[in-house]
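> Sequence:
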Amino acid sequence: MADFQRINLSLDHYSWDDIPSNDPRVSGEPEESTTFDPKQGNEVLYMLNMVLSASAPITALHKGEELIRDELPAGSQDQFAVKKWLDERL
Numbered sequence: 021m022a023d024f025q026r027i028n029l030s031l032d033h034y035s036w037d038d039i040p041s042n043d044p045r046v047s048g049e050p051e052e053s054t055t056f057d058p059k060q061g062n063e064v065l066y067m068l069n070m071v072l073s074a075s076a077p078i079t080a081l082h083k084g085e086e087l088i089r090d091e092l093p094a095g096s097q098d099q100f101a102v103k104k105w106l107d108e109r110l
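Numbering of the sequence shown is given in the numbering used here, commencing with residue 21 and proceeding in unit increments.
It is possible that part of the hints are untrue.
Unchecked claim - Below are the DSS-like pairs computed for lysine-lysine, each with C-alpha atoms no more than 27 Å apart in a straight line:
#, residue 1, residue 2
1, LYS59, LYS83
2, LYS59, LYS104
3, LYS103, LYS83
4, LYS83, LYS104
5, LYS59, LYS103
Hints are computed from structural coordinates only; laboratory data are not their basis.
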């Protein structure tokens, strides 16, 4: 698991709602019962940290951001499906 921070993200279209650290949208393992919002910076950062390894370069983070923004299938996606989708591409 990576440990990238908000400052490491390259895109700036995110909203940054105040989400408690124990909220399932940004903690624990990705679940089918939790939806994923690709415009919510905290959720994108959490998901990419879950998918990327601790030794992943920052370019992998940026590629993940671009994949989510440009290629993530439209419609409501749960965290588990998004993680699987990203695992296949990163």
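> Each of the hints needs a verdict: does it hold here or not?
Evaluated hints:
| no. | hint | in the structure |
| --- | --- | --- |
| 1 | LYS59 <-> LYS83 | 16 Å, holds |
| 2 | LYS59 <-> LYS104 | 19 Å, holds |
| 3 | LYS103 <-> LYS83 | 14 Å, holds |
| 4 | LYS83 <-> LYS104 | 16 Å, holds |
| 5 | LYS59 <-> LYS103 | 16 Å, holds |
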